[in-house]
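Going down the list, the protein sequences come from chains A and B.
Here the numbering used here is used: the first residue of the first sequence is 15, the next is one more, and so on.
Here the numbering used here is used: the first residue of the second sequence is -1, the next is one more, and so on.
Simulated from the structure, these hints should not be mistaken for laboratory data.
Be aware that one or more of the hints could be misleading.
With a Cα cut of at most 25 Å, we get these calculated DSS-like pairs of lysine-lysine [claimed, not checked]: (1) B/75 - B/60; (2) A/74 - B/51; (3) B/179 - A/169; (4) A/74 - B/60.
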Amino acid sequence: MRSVIAYTLAFLGILSLEAVAQHGHHGHEKKALKSEEIHADHSLYHLDSEFIDHRNEPLKLSNFKGEPVIVVLFYGNCTQVCPILIQDTWRLFSSLDESTQTKTKVLAVSFDTENDTPETLKEYAEYEQLDLPEWYFITGKHTDIKMLATMLGVKYQQTGDGHFAHSNLVTVLDTEGKIAKRVEGLNQPMNKAATVIEAMLKNL
Amino acid sequence: MPEIAFSQTARVVVPAGSFHSVLPEVEGEPVAVDSFYMDETAVTNEEYLEFLKDNPEWKRSKIPPVFTNNGYLREWKSDLDPGYENVGVNRPLTRVSWYAANAYCAAQGGRLPTLNEWEYSAQLMEFDSDAEMNTFSSGLINWYSGIDVKNLAEVGSTGIENTEGIKDQFGLVMEWVEDFKPIIADELSLDCGTVGRMNTLGSVYSYAASIRYITRMSFNPKITTGMVGFRCAYDVPAPSSQNNINGETL
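Given the sequences, and given the hints that come with them, work out the whole structure.
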């Protein structure tokens, strides 16, 4: 059996390098993709699926091409962590000056595809006082949400009691839909993410 | 090259139940699984080719790097030619990323099975004795350590099937599952002790399972290897029109 373990470890050694490169984002900014390493082919907008928002409007991610986008994954039934995560997102959005806000979109995507209907999300948006023109509370097909989450590096898993274990991550996408900034964890400073968005609009 | 007839894979119902995972959420507790449907066999090159005809954005020359590394369908002769003269017919599709597997299953009205669904189904096997199970598991460990990706057999040909008639979950290729790197895996570091810690059931069978879990957890969603294919799961039975077509061809 020793040889099997050796084999497995050798195998892991090869693969985990790539895994670390992709998932090693625990606060180490160096490991985030550098701009020269990514190009339009790495745009999330290649995910050509139809989603639906809290206004009951169908949409595709590529609709947001040309604008900075803030993405956060959450679920409505989450009363402990998600309100903080949504507030973090609001903190980022509201720290932008007004003209920047109007040019920025926020996608709050629910992975509770069973319970978070457009109507539920509408109520959620109103309750959180975030039913704003720039904000889209979105859900979609299970596989599409899972793919989007994986592209962002967000993990979530149903825990059996109607709740989910999930990563806490706020992501900024550039005007082509590539990941420009990731803020992982709750209650994190948002000033760098805000700077990224402002720089993006200056360069347009 | 004659046209290969496209045959719809049979969907098999897997009744609800539970199994002992080597990676349970609660130690010692069996994992409960709801009933679901799953493909009888792994997705073949022929089936994937049909998908590519309808979804050209997933062809090798078109797929953006956000969805795959550069090994995607590497052994195919061209965009729409799996090279049957080299690989044979009815072989499991490999060298596809997790994203491609998802897109394929979504196009069939399905999804990838969850890790627990796949494992539960795979472990619905009856052994006459512990000795038989140990022999099977030892064979499995050997298989995991040297899958011959150049000579994959036809789907359905391994002779290994679960009690519901789902074939080749072992012995053909490893398979993508939806949550191949479950959140619980974040707490494990993949080091020398991991197999030992996971080997909670103390049998050769669970040792083989541990190797499978760990190998899977080492994947990332963009890898494409010759030893990883997939099959789809569904929340609903096949549409009746599909059953009719199957009925006619059978």
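A quick look at each hint next to the structure:
1. B/75 - B/60: holds, 15 Å
2. A/74 - B/51: Holds. Residue 74 of chain A to residue 51 of chain B sits at ~23 Å (cutoff 25 Å).
3. B/179 - A/169: holds, 9 Å
4. A/74 - B/60: Distance ~20 Å between residue 74 of chain A and residue 60 of chain B Cα, so the pair holds.
Violated hints for the displayed structure: none, as all numbered hints are satisfied.
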